[in-house]
Amino acid sequence: MTKSRTHYLNVNHTVGSWLFTVDHKRIGLMYLGTILFFFLLGGIAAVLFRVELMTPGSTLMESETYNRLFTMHGITMIFFFLVPSIPAVLGNFLLPIMLGAKDLAFPKLNLASWYVFTIGGLLGLGSIIFGGVDTGWTFYTPYSSTYANSQVILAALGIFIAGFASIMTGLNFIVTIHKMRAPGLTWFRLPLFVWAHYATSIIIILGTPVIAITILLVAIERIFQVGIFDPALGGDPVLFQHLFWFYSHPAVYIMILPGMGVISEIIACFSRKRIFGYKVVAMSSLAIAILGFFVWGHHMFVSSQSMYAGMVFSILSFLVAIPSAIKVFNWTATLYGGSIKLDTPMLYALGFIGLFTIGGLTGLFLATMAINIHVHDTYFVVAHFHYVMVGGMVMAFFGGLHFWWPKMTGRHFSEMLGRITAVVIFIGFNLTFFPQFIVGYLGMPRRYHIYPEEFQIFHVLSTAGAAVLAVGYLLMAAYLFHSLILGKRSSRNPWKAIGLEWTIPSPPPTENFIDTPVVDYEAYDYSLERAYEDDEEDHS
Amino acid sequence: MSHDASHPAHLAHHFDSPEQQNQSSSLGMWLFLAQEVMFFGGLFVAYAVYRFKYADAFAVASGHLSLFWGAVNTVVLICSSLTMALAVRCGQLGDKRGIIRYVVATMILASVFLGIKGLEYAHKYEDQLVPGPQFEYVPDFDSYSVPVTAETADPNFAGHVQLFYSFYFVMTGLHALHMVIGLGLMVWLIVKAAKNHFSSEYYTPVEMTGLYWHFVDIVWIFLFPLVYLVWRH
Amino acid sequence: MNILSSFLPDQASTLAADVDQLYLFLIGVSMFFCLLIGGLVIGFVFKFRRRSDADRPAPTRENHGLEILWSVIPLVLVIIMFVWGAVLFYKQWRPPADAMEILVTGKQWMWKMQHPSGRSEINDLHVPLGRPIRLTMTSEDVIHSFFIPAFRTKADVVPGRYTRTWFTPTQLGSFHLFCAEYCGAEHSLMKGWVHVVEEEEYERWARGDDLDTALLSPVEAGERLFTELGCMACHNPDSGALGPALDGLFMSEVTLVDGRVVVADEAYIRESILEPMAKVTAGYQPLMPTYKGQIDEAQLMQIISYIKSL
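Chains as they are written, first to last, in the numbering used here: chain A, 1 to 540; chain B, 541 to 773; chain C, 774 to 1083.
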């Protein structure tokens, strides 16, 4: 029976069994394929304009092309990669298992969300194929609504539709967490991954509809040529910015909170310790989610917003630093007295702590109004959010992917290549983005195709770093793909972790649990025997 | 925790009990309505900003709407909420024919609403009050109790009136779209009821559609004063 | 300071040094925490590395004192940052009363500056050393942003609104001027130079000694437009008071027909010219026609300058 155990992957091999599946694990994998496609697309755009930026003048492309490339990079990376990345892939796959449930509360809605996301993605892709969009991912009016001469409508509708996919996922998560926990699995026994997804889902449900209506208004303004934000009719372009950032700032937390959840899981496992201050870490996710809704105005300090509004938004933005700092300190404290092993996922997690610390601290510069005036819309901001989004979320995503890869695929990747790649990516990332802090403070504005010569050295460094980063990602793609076919088969619990997902076979059976588990221990209880037992070959 | 022994047909495989399934649906629906509130909320905020900025133009523009038909539609929609609530009541009692009867009644009322809305849209189209390049607004201040008089068409004033109509069409249009989706749900309910899927133990779809329908109704309760009554203060 | 200065732009305004000081404070705090966390992580990873698979670490002990400590310390630090940043921001926001006003109009993809002497220039801005300068700005099309890194000033330039920024140059030379808000195809070419020159040189330049034509100051140009457009017909105390008199109007309080009281700032005057119905002064009929489409943003600024001078 060892070789023929059925699990969610081999239960059925037809295309239809994937396209019409309601299994959260398969849907998670379908999401993985879809978002990696968009990650590749956004990455290609980034490489192209990074190469162009090696010289101060125009060498490879016209300004129109350059503008379309950075817009394409922003839209695909944010709306079609980062927002769905951890929730729709790892969250979808793991959340029900971590709760001891057989599936999410609404499996059909989950499948529908993938289709909706894919339709949105295809429209976004269409906007690129039919000539691209040149508004930047922020779609500022009146440029986007009246002046831009590109495929704004397609891109806007794509984002509008993909937004509903995230709402469906968020709704599904909240209901599942509330209603489908296994017996004994109380709120404060939940893994922090689940807490992080709970907080994320709240933001998704309350924030996403606002960007949906905002972006729809821009599309309507263009399609029917009516003035909604058009100053010529008395419309207010700054109103658009308020509505836009009301979602898009909390969206930053949609993009980082799940990453924090992943990091908590990895650090606990590879130091064999319960996360220090578990409750505070759980609550800090909620605090970030709630505070996140009241800080959008810090994107608008120079937009002609009133000085007093600016002050309120500034102090509230500073307050977000407190729960974020608590998380970082608590992760560090968890390491103390642990039994630390530097396997690939742990390297990503430690990289996350370092990069997120820099990303978070530079956020303080931007919350400080007097500094913000100078660095707003410069490369300083670009560096800051890449430290949070790439240094934070993408590191966490790949850390989590490596951590749960044996569980998802039943195969091991090459641990040595994994560690080398993690280090390559860490170095490449810093080389790409650290110089951008400096050139930003020196005054280099973002979204500049042609720039003064004195900034060239920093751009050359950045492009060199991007090349290293690209090599790292390609290497990762190669060994992960290789592992799918030739990787060593994984046992039930290869990392010796506590957590319900490690109590079931790898890959899991379709119904996850034959018998509903009963949880009578706290989260990350590494005094349990099963964290030390050698896994027998368990294809039973 | 296997439930092979007493597994009702309507209980999905991943739930342990009908109560868990019903509570999940209910929580899911409320969360869906929460996101709907934010969706319309964003729209209402944008409307409110302009209404505050261009109070007179919005009042004048609103005066061109037919208060009569707006009021009739409000009554029609409230009645449809009543019939929907009665359908849910029939669900609780396990009365399948009653569900079909009241759902059909709700659909008829909804269609009446949409018909009237369509007539109003057509009228606005004839009056060239549909925003866009063809928009043409000739002020007729005398007919309305608005404290503004001006002799010629003021292009800015007309611009603000156009803003009002942009919001009028977007807000009522999205509301109408929600109603059309509701009509689709009701067709599905009738099919399920006809196939004997409902009982007094299981009528969750009727209850959820009811919640959705009441929400659509409440949106209109906000829309009606916002767009029809602004000049009657 | 030499190494440091290659990581800072020129400090060419009175505010630049203040902003840099705060920046360096933030850098110091950030470096402290990066080193602290980095050091602890590396130290722990080394000290507590797994020596054998049978290692059983002691369970995590909760320590609320420690958690409170590292909530309160960041809180105190961010409050210091906020207060320092807010005080400086207040300075950046309020131009000195004696500042010289230069009018700026942004359009795809150029900057147009009008000096009080009447001289205009495009993508160049001449300013005298040591004199506070206030920029009043608007846009003809999309949103732009006026950014002079060496002065640490930036403000968005928004169609339909007036925005403001100010600086006092402290260093002779030419400094970058950038558009910082993405505005379309040639966004990265919407840049120019700010030339800080000696006071006398600026005066000579502003008078246009090197030009053949005589210059009209914005106030004079505004007065001419005021006459040409026939504004005097109504806005004249002797004409039967069809329109309110404009003497001393600027920054005075105006009571409207609906009882509201507004301050007659630039935005109000602009709105009253373009949209006369929006805020009608109490005691007057809404008779004034709009001038929208008849005058451009630069002319509008000239008329406002004239009304301000009354």
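Warning: the hint list may mix true and false statements.
[Stated by the list, open to error] Distance windows between CB atoms, simulated:
{"#": "1", "chain 1": "C", "residue 1": "Leu1083", "chain 2": "B", "residue 2": "Gly672", "range": "35 to 43 Å"}
{"#": "2", "chain 1": "A", "residue 1": "Ile457", "chain 2": "B", "residue 2": "Gly713", "range": "53 to 61 Å"}
{"#": "3", "chain 1": "C", "residue 1": "Leu1083", "chain 2": "A", "residue 2": "Ile129", "range": "32 to 40 Å"}
{"#": "4", "chain 1": "A", "residue 1": "Ile129", "chain 2": "B", "residue 2": "Gly672", "range": "51 to 59 Å"}
{"#": "5", "chain 1": "B", "residue 1": "Leu659", "chain 2": "A", "residue 2": "Ser58", "range": "39 to 47 Å"}
{"#": "6", "chain 1": "A", "residue 1": "Val460", "chain 2": "B", "residue 2": "Pro673", "range": "17 to 25 Å"}
{"#": "7", "chain 1": "B", "residue 1": "Val585", "chain 2": "C", "residue 2": "Val1034", "range": "46 to 54 Å"}
{"#": "8", "chain 1": "C", "residue 1": "Ala827", "chain 2": "A", "residue 2": "Glu511", "range": "40 to 48 Å"}
{"#": "9", "chain 1": "B", "residue 1": "Ser557", "chain 2": "A", "residue 2": "Glu522", "range": "22 to 30 Å"}
{"#": "10", "chain 1": "A", "residue 1": "Phe481", "chain 2": "B", "residue 2": "Pro673", "range": "49 to 57 Å"}
{"#": "11", "chain 1": "C", "residue 1": "Ala831", "chain 2": "B", "residue 2": "Trp728", "range": "21 to 29 Å"}
{"#": "12", "chain 1": "A", "residue 1": "Thr65", "chain 2": "B", "residue 2": "His663", "range": "28 to 36 Å"}
{"#": "13", "chain 1": "C", "residue 1": "Leu848", "chain 2": "A", "residue 2": "Gly16", "range": "30 to 38 Å"}
[Said to hold, decoys possible] Restricting the straight-line Cα-Cα distance to at most 30 Å, the calculated cross-link-like pairs of lysine-lysine (BS3-like) are:
{"#": "14", "chain 1": "B", "residue 1": "Lys732", "chain 2": "A", "residue 2": "Lys108"}
{"#": "15", "chain 1": "A", "residue 1": "Lys279", "chain 2": "A", "residue 2": "Lys108"}
{"#": "16", "chain 1": "C", "residue 1": "Lys820", "chain 2": "A", "residue 2": "Lys279"}
{"#": "17", "chain 1": "C", "residue 1": "Lys864", "chain 2": "C", "residue 2": "Lys885"}
{"#": "18", "chain 1": "C", "residue 1": "Lys880", "chain 2": "B", "residue 2": "Lys593"}
{"#": "19", "chain 1": "A", "residue 1": "Lys108", "chain 2": "A", "residue 2": "Lys341"}
{"#": "20", "chain 1": "B", "residue 1": "Lys735", "chain 2": "A", "residue 2": "Lys108"}
{"#": "21", "chain 1": "C", "residue 1": "Lys864", "chain 2": "B", "residue 2": "Lys664"}
{"#": "22", "chain 1": "B", "residue 1": "Lys593", "chain 2": "C", "residue 2": "Lys1052"}
[To be verified] Calculated Cβ distances over 12 Å to all of chain C for the following chain A residues:
{"#": "23", "residue": "Asn10"}
{"#": "24", "residue": "Leu40"}
{"#": "25", "residue": "Gly338"}
{"#": "26", "residue": "Thr368"}
{"#": "27", "residue": "Met369"}
I should point out that these hints are in silico values taken from the structure, not numbers from a laboratory. Don't be surprised by glycine CBs; every beta carbon is placed ideally from N, CA and C.
> What are the numbers of the hints that this structure violates, sorted from low to high?
Replying inline: 3, 4, 5, 6, 7, 8, 11, 12, 13, 15, 19, 21, 25, 26, 27
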